[in-house]
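Undergrad: Build out the structure end to end from the sequences listed, making use of the hints.
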Amino acid sequence: MLSKKTKYGLKALTYLASIDSKEPVQIAEIAKHENISQKFLESILLTLRRNGFLGSKKGKGGGYYLIKEPEEIVMTAVIRVLEGPIAMVPCVSLNFYEKCDDCPDENKCSVHKLMLQVRDGALEVYRNNTLADLIA
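The opening residue of the sequence shown carries number 4 in our numbering; numbering runs sequentially from there.
No lab work stands behind these hints, which were simulated from the structure alone. Do not rely on the hints blindly, as some may be mistaken.
Straight-line alpha carbon distances no greater than 30 angstroms define the calculated DSS-like cross-link-like pairs of lysine-lysine that follow [stated by the list, open to error]: (1) K61 / K8; (2) K71 / K35; (3) K14 / K60; (4) K60 / K116; (5) K60 / K35; (6) K60 / K42; (7) K71 / K111; (8) K63 / K8; (9) K8 / K42; (10) K111 / K10; (11) K71 / K8; (12) K8 / K60; (13) K10 / K63.
TA: Structure (structure tokens):
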């Protein structure tokens, strides 16, 4: 299940991408428009800024803004930053692989085979969607 952190991060990014102005948007405006706790949103936007999706400006007229075009923001990157590994179990993760303690042979494991398909299906969707697709 998608965490609230990821859901709200996607909503905030979508809001920033959908407004006509490229001026910084205050957290309070995003929070109110998307019905998100302002305190929780601050943490999410900070994570997105630290990972190169957003810029920020302090002071009067300050707030957050996209530093990349929506077409350049691929969902795999956003999901990995906010949610962590895309794979549901570590033995099929591309970036966070770990062998399962309870599995003597991954090649014969029915869970491993199923989770490979789930991971590949999710990756297909995330790789083929950008922030621009979400606002289209």
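Undergrad: Taking the hints in turn, state whether each one holds.
TA: Against the structure, the hints come out as follows:
no. : hint       : result
1   : K61 / K8   : holds, 23 angstroms
2   : K71 / K35  : holds, 24 angstroms
3   : K14 / K60  : holds, 20 angstroms
4   : K60 / K116 : violated, 47 angstroms
5   : K60 / K35  : holds, 19 angstroms
6   : K60 / K42  : holds, 18 angstroms
7   : K71 / K111 : violated, 43 angstroms
8   : K63 / K8   : holds, 27 angstroms
9   : K8 / K42   : holds, 12 angstroms
10  : K111 / K10 : violated, 35 angstroms
11  : K71 / K8   : holds, 21 angstroms
12  : K8 / K60   : holds, 22 angstroms
13  : K10 / K63  : holds, 29 angstroms
Hint violations for this structure: numbers 4, 7 and 10, all remaining hints satisfied.
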